[in-house]
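Trainee: Spelled out from the first residue to the last, the chains are:
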Amino acid sequence: MRVSVLRIFSSDRLDNCVRYAALAGAFVFFFNALSLHLMLLTFRFGMNGHWRIRSGSICLARYP
Amino acid sequence: MGNTWHPLASMVVSASLVAVLAGVWIWTIGRLGLLNWWTALSCVCLVSPVQYENMISGFQTAFYAMMLAVAGGACVLALIHRLTRFLVVASLACVFVAAFSVASGLVLSLIFSVGLLLIALREAGSMRELVRSRHLVMNLGFALVGVVLIAWLFFANYRTLPVNRTSNVSLLAYFLTALSFPFVKSVVDTPLQIKVISSILIWGPVVAIIPVLLRNWRSVFEFRTLLLLSSIAAFVIGFIILITFGRSYLFISPRYGTVLVWSSMLGLLALAVGVRLMEAVRSRAVRRVAVLVCNIWVIALLSANVTAALASFDDMRRYAEWRLAMRDATLALLATSEAALEGDQKTGCVVS
Numbered sequence: 008m009r010v011s012v013l014r015i016f017s018s019d020r021l022d023n024c025v026r027y028a029a030l031a032g033a034f035v036f037f038f039n040a041l042s043l044h045l046m047l048l049t050f051r052f053g054m055n056g057h058w059r060i061r062s063g064s065i066c067l068a069r070y071p
Numbered sequence: 003m004g005n006t007w008h009p010l011a012s013m014v015v016s017a018s019l020v021a022v023l024a025g026v027w028i029w030t031i032g033r034l035g036l037l038n039w040w041t042a043l044s045c046v047c048l049v050s051p052v053q054y055e056n057m058i059s060g061f062q063t064a065f066y067a068m069m070l071a072v073a074g075g076a077c078v079l080a081l082i083h084r085l086t087r088f089l090v091v092a093s094l095a096c097v098f099v100a101a102f103s104v105a106s107g108l109v110l111s112l113i114f115s116v117g118l119l120l121i122a123l124r125e126a127g128s129m130r131e132l133v134r135s136r137h138l139v140m141n142l143g144f145a146l147v148g149v150v151l152i153a154w155l156f157f158a159n160y161r162t163l164p165v166n167r168t169s170n171v172s173l174l175a176y177f178l179t180a181l182s183f184p185f186v187k188s189v190v191d192t193p194l195q196i197k198v199i200s201s202i203l204i205w206g207p208v209v210a211i212i213p214v215l216l217r218n219w220r221s222v223f224e225f226r227t228l229l230l231l232s233s234i235a236a237f238v239i240g241f242i243i244l245i246t247f248g249r250s251y252l253f254i255s256p257r258y259g260t261v262l263v264w265s266s267m268l269g270l271l272a273l274a275v276g277v278r279l280m281e282a283v284r285s286r287a288v289r290r291v292a293v294l295v296c297n298i299w300v301i302a303l304l305s306a307n308v309t310a311a312l313a314s315f316d317d318m319r320r321y322a323e324w325r326l327a328m329r330d331a332t333l334a335l336l337a338t339s340e341a342a343l344e345g346d347q348k349t350g351c352v353v354s
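Protein chains in written order, with my numbering: chain A, 8 to 71; chain B, 3 to 354.
Same shape as in the complex, but just chain B (with noise of 0.2 Å):
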């Protein structure tokens, strides 16, 4: 490309990294045993345009890039579940992705630590023996001295961002609004009750579901599903408990929807675990309510972002029609001889 950045090229780099992601995710819970139709839909959230933001601006791709490696890293996480040297230096490639990409990356090196410690821990049976085995304390140590690395490379040269200092009542309202996430996007015109159901409806299943897999983390099936969900639940909402204190504002920007939409997908995933969990359950009528009121709340998740998904389209004309005028704005600034000649000698083209 030379000298020159396209857009264009930079937007199709983001769909690219998308679709990767979107591979990886479905392989993962196929190979988990929980494609159904609706985890296979899962993906339409994935190309939702309440992230217009993101899919339109080219230098965004760094949200695709994190959330490749976070979601990609839980996968990786979930399908080998060994302490492997291999799995060790692929969550290390995933934290330094995620961290290199977005500032709140960095959030995945404090999760995948806890993740990695807690598949050494199974794998031992229990600390005692853990710290016997000297190849999972040699793997363990290894991992630690990378995350300490990547730590230490990221806050080289940091400049702290002032921290936000509105109400700890404006702070709570934003975090539950982002949790509310594609359904709810204004703070301050939606009424509580509005952000509470919301909340209950995406975050429900996976609020439901994590204890009953951390009670039966000794199965494969439990384990891996509870390294997937559990890890890309974490990073969201520690990236929802970032934005509320760095970047609060009276409505959830677009361009945190490439994170946010997770948490509708995480729903839908809870929610095929919680059917695949109902099989154990010995009375058949039991298994048949249970099945039928995860499918109503499938309906209910696909059918609010499908509505979310639309109605972002008003939001879009509206963000266009202010992009246009501050472009004309900027326009007007350059075409004065001054600010022209300056513009001339400072970076050596012109404006045309």
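Same shape as in the complex, but just chain A (with noise of 0.2 Å):
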């Protein structure tokens, strides 16, 4: 049987708080992507790079 999580979401058996709980996951959870993002390319701080970890100490590996 094919559940989608659509399906899973309108049903009638699903708890309200659960539903509104889901809601204010998602909402902080792509907001607060969103707004990394936005962060990041507005302001250059020169931190989106990846740092390479070797015996304890840590250095610039590569940067934007």
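Check before you lean on any hint, since a few could be wrong.
Stated by the list, open to error - Selected chain B positions facing chain A (Cβ under 8 Å, derived; list incomplete):
| # | residue |
| --- | --- |
| 1 | M13 |
| 2 | V14 |
| 3 | V15 |
| 4 | S18 |
| 5 | A21 |
| 6 | V22 |
| 7 | G32 |
| 8 | R33 |
| 9 | L48 |
| 10 | P51 |
| 11 | M57 |
| 12 | I58 |
What the hints assert, rightly or not - Sample of chain A residues with no beta-carbon within 12 Å of chain B, all distances over it, derived:
| # | residue |
| --- | --- |
| 13 | S11 |
| 14 | L13 |
| 15 | R14 |
| 16 | I15 |
What the hints assert, rightly or not - Far from chain B by the CB rule (all over 10 Å, computed), these chain A residues:
| # | residue |
| --- | --- |
| 17 | S17 |
| 18 | S18 |
| 19 | F34 |
| 20 | V35 |
What the hints contain is simulated information worked out from the structure, not anything from laboratory work. Glycine is no exception: its CB is placed at the ideal position from the N, C-alpha and C atoms.
Make the complex out of the two chains shown on their own, each in a separate frame, by following the hints.
Mentor: Okay, here's the thing in structure tokens:
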């Protein structure tokens, strides 16, 4: 049986609190991810490269 | 990820932790029957850029883990509100995560111990009955052993940091500024009146509602709300006291924003509790006035939060400039042949 997320979400048996909680979680995650990207694109913090960890010390391996 | 650390992946982990926290928060206040337009909007505080330092620094995931343990644990206390073995284990797990995320998280052990003791007292009816109940004493003893074990692990090889030696007036000014965060961020540039008004706007509803809940702590709704509100509020106040003595400076660092945004969220929750308790008042006119006052208070609180969030973009720009200057200075230092050679021998990696 094919069960979609939308079907579970719109089911009458689903508690409203769970529905609102899922909406809040999704909103917070996407807003956070979106604002992160906007921040990193707008302000060049110089920290969105990769750091390589060797022998317990951290050094900048690549930076944009 | 192998031996490569991805700051962006860490940021996504932080965003996921906040998302889980938002879900648990909304679910809990929904179960308590306190969900309205402003408690739903309280989630906006969780994504406020006043905490940008934690949002853009991958390693600051620790702050989000701590707040998930604190607020998530408080939600579990409020929802279960009976001293079961599961509640004790869940509380100890939250204390462990909080204490080993950020050092201030250890405060949670004290708060949850008091919370569990209150739950046991309410369940037993009196102290005498509590002592007689083998099941409650066993669970409390189990919790105590767990807390002592976590504290013992925490203080193993612990290095004490020097306590701030600034004047008492400076400490008090920092404490007051932290109370009024995010509306006030600068300790020295803001007049005292603004700090006092902001603190009242944020903490006023919480301070007003906790004594009412304490008075009726035998009722289920009041007790569950008391556990939720007072345990998070006690943690935030404990955190503010710790940063005042350990980290006070000329401004409140944005990294503390992840904890301090909870002040506004608790204010919004306290106003929702106030409206709910006003339902018991017989006079319709009094009820209407109280609801109106709460709505105005909420609008003021939310508008001030949005204004503070927008103002933090300027701080962010200055912080970005500072970070780039720091990076250039570090690269210039490493570019010298001696430093590059030393770095290559020590770490086995070359700056490209």
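Trainee: Double-check R33 of chain B for me: the hint is only fine if its C-beta lies closer than 8 Å to a C-beta in chain A.
Mentor: With a minimum Cβ separation of about 6 Å from chain A (threshold 8 Å), the hint on R33 of chain B holds.
Trainee: If you take the shortest Cβ to Cβ gap from I58 of chain B to chain A, is it below 8 Å?
Mentor: Holds - the Cβ of I58 of chain B comes within 8 Å of chain A, reaching about 6 Å at its closest.
Trainee: Is the shortest C-beta separation between L48 of chain B and chain A less than 8 Å?
Mentor: Holds. Min distance 6 Å.
Trainee: Can P51 of chain B be said to touch chain A, with a Cβ gap under 8 Å?
Mentor: Constraint on P51 of chain B satisfied, holds at 6 Å.
Trainee: Interface hint check: M13 of chain B, Cβ to nearest Cβ on chain A, cutoff 8 Å. Holds or violated?
Mentor: holds, 6 Å
Trainee: With 10 Å as the threshold, tell me whether S18 of chain A passes as away from chain B on beta-carbon distances.
Mentor: S18 of chain A clear of chain B: closest Cβ-Cβ about 17 Å, beyond 10 Å.
Trainee: Is the interface hint for S18 of chain B satisfied, with its Cβ closer than 8 Å to some Cβ of chain A?
Mentor: holds, 6 Å
Trainee: Per the stated criterion, does the least C-beta distance between S17 of chain A and chain B lie above 10 Å, as a non-interface residue requires?
Mentor: Non-interface label on S17 of chain A holds, nearest chain B Cβ at 18 Å vs cutoff 10 Å.
Trainee: Minimum Cβ distance from A21 of chain B to chain A below 8 Å?
Mentor: Cβ of A21 of chain B sits 4 Å from chain A, so the hint holds.
Trainee: With 12 Å as the threshold, tell me whether L13 of chain A passes as away from chain B on beta-carbon distances.
Mentor: holds, 18 Å
Trainee: Taking 12 Å as the cut and beta carbons as the points, is R14 of chain A off the interface with chain B?
Mentor: At about 20 Å from chain B, R14 of chain A clears the 12 Å cut-off, so the statement holds.
Trainee: In terms of Cβ atoms, is chain B entirely out of 10 Å range of V35 of chain A?
Mentor: Violated, because the least Cβ-Cβ distance between V35 of chain A and chain B comes to about 4 Å, which does not exceed 10 Å.
Hint check: violations occur at hints 3, 19 and 20; the rest are consistent with the structure.
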